[in-house]
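There are 4 protein chains.
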Amino acid sequence: MLGSRKKYIVNGSSGIKAQIQFADQKQEFNKRPTKIGRRSLSRSISQSSTDSYSSAASYTDSSDDETSPRDKQQKNSKGSSDFCVKNIKQAEFGRREIEIAEQEMPALMALRKRAQGEKPLAGAKIVGCTHITAQTAVLMETLGALGAQCRWAACNIYSTLNEVAAALAESGFPVFAWKGESEDDFWWCIDRCVNVEGWQPNMILDDGGDLTHWIYKKYPNMFKKIKGIVEESVTGVHRLYQLSKAGKLCVPAMNVNDSVTKQKFDNLYCCRESILDGLKRTTDMMFGGKQVVVCGYGEVGKGCCAALKAMGSIVYVTEIDPICALQACMDGFRLVKLNEVIRQVDIVITCTGNKNVVTREHLDRMKNSCIVCNMGHSNTEIDVASLRTPELTWERVRSQVDHVIWPDGKRIVLLAEGRLLNLSCSTVPTFVLSITATTQALALIELYNAPEGRYKQDVYLLPKKMDEYVASLHLPTFDAHLTELTDEQAKYLGLNKNGPFKPNYYRY
Amino acid sequence: MLGSRKKYIVNGSSGIKAQIQFADQKQEFNKRPTKIGRRSLSRSISQSSTDSYSSAASYTDSSDDETSPRDKQQKNSKGSSDFCVKNIKQAEFGRREIEIAEQEMPALMALRKRAQGEKPLAGAKIVGCTHITAQTAVLMETLGALGAQCRWAACNIYSTLNEVAAALAESGFPVFAWKGESEDDFWWCIDRCVNVEGWQPNMILDDGGDLTHWIYKKYPNMFKKIKGIVEESVTGVHRLYQLSKAGKLCVPAMNVNDSVTKQKFDNLYCCRESILDGLKRTTDMMFGGKQVVVCGYGEVGKGCCAALKAMGSIVYVTEIDPICALQACMDGFRLVKLNEVIRQVDIVITCTGNKNVVTREHLDRMKNSCIVCNMGHSNTEIDVASLRTPELTWERVRSQVDHVIWPDGKRIVLLAEGRLLNLSCSTVPTFVLSITATTQALALIELYNAPEGRYKQDVYLLPKKMDEYVASLHLPTFDAHLTELTDEQAKYLGLNKNGPFKPNYYRY
Amino acid sequence: MLGSRKKYIVNGSSGIKAQIQFADQKQEFNKRPTKIGRRSLSRSISQSSTDSYSSAASYTDSSDDETSPRDKQQKNSKGSSDFCVKNIKQAEFGRREIEIAEQEMPALMALRKRAQGEKPLAGAKIVGCTHITAQTAVLMETLGALGAQCRWAACNIYSTLNEVAAALAESGFPVFAWKGESEDDFWWCIDRCVNVEGWQPNMILDDGGDLTHWIYKKYPNMFKKIKGIVEESVTGVHRLYQLSKAGKLCVPAMNVNDSVTKQKFDNLYCCRESILDGLKRTTDMMFGGKQVVVCGYGEVGKGCCAALKAMGSIVYVTEIDPICALQACMDGFRLVKLNEVIRQVDIVITCTGNKNVVTREHLDRMKNSCIVCNMGHSNTEIDVASLRTPELTWERVRSQVDHVIWPDGKRIVLLAEGRLLNLSCSTVPTFVLSITATTQALALIELYNAPEGRYKQDVYLLPKKMDEYVASLHLPTFDAHLTELTDEQAKYLGLNKNGPFKPNYYRY
Amino acid sequence: MLGSRKKYIVNGSSGIKAQIQFADQKQEFNKRPTKIGRRSLSRSISQSSTDSYSSAASYTDSSDDETSPRDKQQKNSKGSSDFCVKNIKQAEFGRREIEIAEQEMPALMALRKRAQGEKPLAGAKIVGCTHITAQTAVLMETLGALGAQCRWAACNIYSTLNEVAAALAESGFPVFAWKGESEDDFWWCIDRCVNVEGWQPNMILDDGGDLTHWIYKKYPNMFKKIKGIVEESVTGVHRLYQLSKAGKLCVPAMNVNDSVTKQKFDNLYCCRESILDGLKRTTDMMFGGKQVVVCGYGEVGKGCCAALKAMGSIVYVTEIDPICALQACMDGFRLVKLNEVIRQVDIVITCTGNKNVVTREHLDRMKNSCIVCNMGHSNTEIDVASLRTPELTWERVRSQVDHVIWPDGKRIVLLAEGRLLNLSCSTVPTFVLSITATTQALALIELYNAPEGRYKQDVYLLPKKMDEYVASLHLPTFDAHLTELTDEQAKYLGLNKNGPFKPNYYRY
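Chains as they are written, first to last, in full-length UniProt numbering: chain A, 1 to 508; chain B, 1 to 508; chain C, 1 to 508; chain D, 1 to 508.
Among the hints, a few may not be true.
[Stated by the list, open to error] Straight-line distance between alpha carbons at most 25 Å, and here's what the computed DSS-like set of lysine-lysine pairs gives:
| no. | chain 1 | residue 1 | chain 2 | residue 2 |
| --- | --- | --- | --- | --- |
| 1 | B | K491 | A | K337 |
| 2 | C | K337 | A | K309 |
| 3 | A | K497 | B | K337 |
| 4 | B | K337 | D | K119 |
| 5 | A | K464 | B | K491 |
Derived from the structure by calculation, the hints contain no laboratory data.
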């Protein structure tokens, strides 16, 4: 969705309108936006990080070729031209990126190995629309190894790594994507994935819902052969629930956004690290002794608070929910109203999923050099618009860092203009992407192989057993050794030895 | 249930049989015994602590009166004799204990204050069967202040604090309980609460299900007037679910055992402290540098691990569930099989809810002076029975501490004979009891005032809003200031400004 | 010194006077009393803990023998009567205590093993005056194994474990000590150690300086043969420095109080654990969410703060020294003046070594139920005397716990009447005592074997190399494996491969 | 010194030789190189960070002017041409950098304020040779405000920020420095500072000893008027001690490298943050669950271990010193030999100050993707040279990140080619630089104002009272409120109310 939004914003007013409408609808549907957008954000993070840090970016930049890929004639080394990428000659660079990613995605590699005997996706024809990065490439090639045929487009006009797309095309994957597509290009690419002579998809892997939307709109008959949709983003999941509610969902869909493993990694564990990373990269500040207020004590807030406390900051928390508030107390944080500490803190971090948590009034009262940033949701939490007034001077001091200067000389350090700090100023570890990609692969396998009737035309969560399986595939990374139940113990607990081990309501 | 079990075990073979049968049934019903028994355990803990530490115990001990309370004629200062306690003259001592407890149970005191205007329990006739401690007394007197009439018996033959019972009797509460009841006394006391001329209960507050059981068996007609049952223990809740399943539950029941606040406090937060306390009081050991293996990484295991790591121990974790295992990894613990580390660790702690997690084979391989204890469930986790063999010598070195000595001189330090360490060797803070008592009071109010039809003849969880209310009543203890949503924010989030703030599946 | 104080206080006005004078002199001499008294305190702690917890106490208590040991005729099984203990028949019980202690004092056991070839104390005649506990017994028997002859008295009239003394007497050690000596007994016992036909000491091991004092006063000629004094307590060390300053010290003396290992263990690491232990045993409070102010951020304060922060308390610090203050900031604690937080905190802990840090004015402003205790120095930090006024009511609620009640009903919970919490309400782990005992043994070996001229008539610190050796002897407890320098590395660093590894000013 | 080394290495073989010789001499002199170079390193860090991250770098880069500053005619706006910088027109950009730095160096600003009444450096003529950064500019302008005249050169041929130099020149400071000086330029600049008509320095502020060396060599007579030298770097301090030892030091010198505050901040507190920062910026790795071995548990190692443990890594420690080893144990780290864990760890971090701690043999045994980096000393700790063999392939994947690839495909991730990670890949917070600069300023004031005879021709540490003063000037940053002793307390402790508060041997 973040991807979608960017796209629309860039490409014209109608797009913006659509996005705004959508935001409204979303509120009606999903009452807990705290976690909204986090997942697909991290995909974007990954992309953004690649832009700034990985060597890959440079290959792309150096190709000063202005010709649109749609106007080029390209063939891969096997003679195929069923793809459309920036420059097929970058394939070798992309392959290296993919190989590096493979080393950090052991779960997918394990799936490939286990699939040598059986091909659980034999016969599957998957059309995909996701960010196109080295990690996605590992996923796609894993799906291939499991027996599937794939066609792929990008879910974001900016996020494609051209050399990775080239490597995939060179390996025979029909990929239609490049960095810097126009909106027209965007839909053209999706259409090229779907609208093929003699090939019809029977599975959809979507990130944001655009692909699903396109098929609904243009090729509704295709759904007769489609066995299911796997959707990763909050936005896409939201759209699916709406379709389901309206009775218009005509195939089963799997919501992979809300699995435990994914949620914990995207929020608690990932933010515990990225808050430090984002603040350091932008400000080089010292954490020790700093006073920080963290607004919101959900998973994201818990991660931020734990990390900053560990680094010697003094952390205050604001909350609206008394249960989370009590947790903050027991974890050793003073629970305050923002007003109580706003004059004294060195850093303000928002993680609420709410809007206007930090208002102009708060900003007016902050002390000189106070850093303000958002780890929560979209760009609504800090009322940045309120700072666009004539008496305040904005000074861009670094990329993603603005000093907003009051008439009396007071400066506020605003990071990423109030957008997500971890999206803009830090990276998401491959390990987190690995968990997501593995979950997607398993969801595809589950839907594709499910016996008739197990799934109806509704939106499902991944079965807990599969959640547990994703986790188990990632344990070798830590050289972690799981204990197995004895028969006697399994009987005593009333559990199957292979899980699932917990009831659905278990809180972890 | 632990209370119940003790009782049965003490009082004859039929009781033991009943208990064993029950354990089997339980396994079928409840697949997650990890948390089984924790709640009512802490009640017992409270009692046990009182025995050893508080001055109260001494009053009791000093009364060398051997006469059964049932044979005594006692009156309180107002002339009433509708009670049966050990010695009404101890009332003053008990009152002091109650006053001290009141200072640490601000939530109940707040309920009393709010109830000055309205009496939400006016007309309620509550019959209760719980441990009778100072904290319970604060609960009872709060129920009285809210408008209820109460009659009370003990749910455990050992746990009554005689002077508290006396203080309640002196204040006019019909209390039937003393420390050291026989099984016959036990049921006699319950009967005296229920079987009264001109008074019939319309609410039940039970801890273990014995009271409910008695009414079902002896006075089934009473259920016609009863508006609901509030049950606190795992065992009692289990019995209610069985009744419900069998279609025999004839009034609504509230399961207060599984509310978030209660679970987090009884398990994570409480065990984080009691593991240290229990180990210190029994062994005076130093935590720094010790190697510890914690079996199980549920809430209890998480609490134990966090505390020991913070004190400088090196902690290993064993798990059967790959999701909890991955959490252990991310939290910085090596995940091992018990066999891998059993030779090297200084302490073994079980928190699994399983049986025979530590076997004789493990015990044989432990190093000299290794400490073994159980924080998890009942007394099944360590196979203590396997240590009762002729070649091993048992030496009791302190209360709750045995040295088991191998022929070669190796000693294992076994705590509490494998029963719960925190039950036997540490205390439960009043703050935790306050959360439970407040939850019970709110559950009674909810059931008593619920409009016709809101609750059917089934077992319910406390509505999330009430969970949140319990939490909010405990925030003032920490001088914690909750933030309130603005109208605009509430609308944006689609929430009511007063909660509930989270969906039911939220994991906290 | 604490021992001495108790003794004097008990035994009459002249003693009290002496003690007060001494306190004054001490201030002049030693400008940094923060750490004063900590070491010998922990010896007393050990004793106090034994009283309350170990089974040993009961043997003693059960012997209702009122006859003074001085009036008894006792022989051990070998026919010797060169000892004076309470009851030689308790030897077996004491032996068990010693055996248990041996298991936790691996460093001394290692010294014994290494001594099988050589006897570094062959010919040594050591007269000792320390607390007589199982740990001391392990030290004495180690000295014996190293070749020394020993005669021993108690340094405290209360701290002797009678059954341990009996076990030592049974093994042939001339021990003169029992629990509950009169002051006259005390000096008589010391004299019996020193004043022997045909035996003259050549080494002194003292704890508090009383033995040294007695020899100075009564047998000054003995110093001709004495090779050195090893002194453990702050008080004794102070006396030695005074002698040295006055030019009256006639043999070398070793101050074992100030070695790094001992200091870190007695203060930082030990207090990190004992603050939690002491608070739990006395109050059963929950740490999570509590607001605590710790006065003083030296080693003791650092330990207390780290532990409480880890348990979820919110900790404030007061300091007078800007460097320690800056450390507190960087470690994540708000640095405040006591007045700023006195109204809001739940616990006040003093660790300053100063006097009147908590005044009546502070106590008047504390909130209801605030807990006040001292981890620092003597009983001067909290102005307890100021609470002995008519309008305040004192209520003893448990051993070591007083409620002081204001006219308006406010209660302050005062622990140990302002004396050291860890002395009175927690125990000291054997591991810490092991470090001390090993240091004493090595100091004796060093002084006894030092070539003429290495030590003059002055007070010395243990050479760093010996400090390092004490540490190395305790590493096996943790299965810790030290790395050895290669020749090349040692040369590069300019170090001897066997140490010492750091300059004297290194801060650790 | 690091600066010096770079310089020599770049500029020819004689330089290299000099440097090597120097390293040898150093070893003889300074036996504890663990902390060698840390301080001045952080200066370089600051510079390196500026290069990569701050906007300042771009101004410099954009000036494609190839003319040597020595060949240019430049005047500032007041008509002065007594300076030599890259481009005086960049002054405005530099001024902005200085203003930002001023906001984070409150201690110097406080010194300026206090100096409004008195000018403690009135009459001082200071010649300086340091890195020329915004922070140095704040120091220089503070010295000016305190009454001093200053002339300045750079101590490193690369580290000058041209726009800052321009801003200083514009303000009237005779500055002779630019980025990218030749060695000849370097000495020319120094000479221009010293060799001036009608102006002779009476104070020296040096970083590395080159300025001092130049004056010794060229203008030895100047020392007659010089009141003292303030030296910051390990290398420079070493040179001074050598001079002193040789009896050739002809003025007092102040070693500001070894003050407590500086050491703790440069090592423990700064590395606690920079280890995380450096690893993230280079590898984007996730810390949670990773196994890490940290070689060396000095201040740097302690900082690294604490940070990684807090982020959920599992940390092993190697040590040669048993005391530090015991600390590691008590802090909760397994103490191992490197060989024991080398096959299993994900990250190897060296902090020993030693050489060849990580050998080719270790590198051969590491697992695939293992990250290797150095936080300790120079580039000696990892035997990087051993990796320059034909069978290994080096692949530069990012700036400062090399993959070294074994024939079987195994990759080691080597950071900064074994040079200091925090030097190369993270930044040093202004707060740390502020502590150093304040210490320098106070040392200048002390030496300049010291009464005749207080300091002889020797090397001195800053008096503890000044250390405390530096700390106290930085407390306001944390809104920290120091407690003051009452008269009574000061008397009791035998302390002056204004400090110093601790004896010289205090360990903090």
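ask   = If you draw a straight line from the CA of K337 (chain B) to the CA of K119 (chain D), is it 25 Å or shorter?
value = The given pair, whose Cα atoms are some 70 Å apart, is violated under the 25 Å limit.
message = Given the hinted pair K497 (chain A) and K337 (chain B), is their Cα-Cα distance within 25 Å?
response = Holds, because 16 Å separates the two Cα atoms, which is no more than 25 Å.
25 Å Cα cutoff - pair K337 (chain C), K309 (chain A) = Within the cut-off at roughly 22 Å; holds.
Distance restraint between K491 (chain B) and K337 (chain A), which requires alpha-carbon spacing of 25 Å or less = With a Cα-Cα distance of about 20 Å, the restraint between K491 (chain B) and K337 (chain A) holds, given a limit of 25 Å.
ask   = Is K464 (chain A) within 25 Å of K491 (chain B), Cα to Cα?
value = violated (33 Å)
Of the numbered hints stated above, those contradicted by the structure are hints 4 and 5, listed in ascending order.
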